Amino acid sequence: MQKPIADVFTWPADDPQLLGGRCEGCGAVTFPVQSRCPRCGVLGMTELPLPRRGTLVSWTTQAFPPSFDYMGDPTGASFEPFGVGLVQLDDVVRVESRLTESDPEKIDFGMPVELRIVPFYVDKEGNEIITFAFAPVGAQNNEER
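Okay, so the sequence shown: first residue is 1 according to the working numbering, each after it adds one.
Treat the hints as calculated values from the structure; they're not laboratory data. You may find that some hints are simply not true.
Claimed, not checked - Here are the simulated EDC-like pairs of lysine to aspartate or glutamate, each with C-alpha atoms no more than 16 Å apart in a straight line:
| hint | residue 1 | residue 2 |
| --- | --- | --- |
| 1 | Lys3 | Asp123 |
| 2 | Lys3 | Glu125 |
| 3 | Lys3 | Glu128 |
To be verified - The following label-pair restraints were derived from C-beta to C-beta distances:
| hint | residue 1 | residue 2 | range |
| --- | --- | --- | --- |
| 4 | Phe82 | Gly138 | 17 to 23 Å |
| 5 | Ile5 | Pro49 | 14 to 20 Å |
| 6 | Arg52 | Pro104 | 21 to 27 Å |
| 7 | Arg53 | Phe79 | 25 to 31 Å |
| 8 | Asp14 | Phe64 | 34 to 40 Å |
| 9 | Trp11 | Phe109 | 26 to 32 Å |
Owing to the predicted nature of the structure, the values given are computational and were not obtained by experimental measurement. Just so it is clear, CB atoms sit at the ideal spot from N, CA and C, and this is done for glycine as well.
Using the sequences plus the hints, can you model the full thing?
Written out as structure tokens, the structure reads:
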């Protein structure tokens, strides 16, 4: 069985979207949804589905394993480098995310990216925990759900 890591994206869905929040008072947008607006302090953030595509503003590759196993993230020989990036979703909000690509030759500042839902780890009950990541537009990804 697949389970989302958190309630931050629509699932199951044919075209999943991240779920942000819009302030009822000042219109600020956050990701993820927050109970209080970080700009004006008003209670009353309304859930807002975010665009599926954006622009890669900044990125790096996590090339070394964590010092301890974290929620299924392997250490040692089974570790695989992964990309991490800051994605601008239209003129709405910036989101920090894993990337489906970690090869510096295939990632570039300003490139268009799109949301993917990918496996993260398998929990103790045998459920596949899924998370979100962004992929270069047009990239084939066999792990997309």
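Determine whether the Cβ-Cβ distance between Arg52 and Pro104 falls within the hinted range of 21 to 27 Å. Distance hint for Arg52, Pro104 holds at roughly 25 Å.
With the threshold set at 16 Å, check whether the alpha-carbon distance from Lys3 to Asp123 stays at or below it. Distance of about 10 Å is within 16 Å: holds.
Given the hinted pair Lys3 and Glu125, is their Cα-Cα distance within 16 Å? holds, 11 Å
A range of 17 to 23 Å was offered for this pair. Does it hold for the Cβ distance of Phe82 and Gly138? With Cβ atoms ~20 Å apart, the hint holds.
Distance restraint evaluation - Asp14, Phe64, Cβ atoms, bounds 34 to 40 Å: holds, 37 Å
Are Arg53 and Phe79 spaced within 25 to 31 Å by their CB atoms? Holds, since Arg53 and Phe79 (Cβ atoms, about 30 Å apart) stay within the stated range.
Is it true that the C-beta distance of Trp11 to Phe109 lies inside 26 to 32 Å, as the hint says? holds, 30 Å
Taken at face value, is the distance from the CA of Glu128 to the CA of Lys3 at most 16 Å? Holds - the C-alpha atoms of Glu128 and Lys3 are around 6 Å apart, at most 16 Å.
Holds or violated: 14 to 20 Å for the Cβ distance of Ile5 and Pro49? For Pro49 against Ile5, whose Cβ atoms are near 18 Å apart, the range 14 to 20 Å holds.
Checked against the numbered hints listed earlier, the structure breaks none of them; every hint is satisfied.
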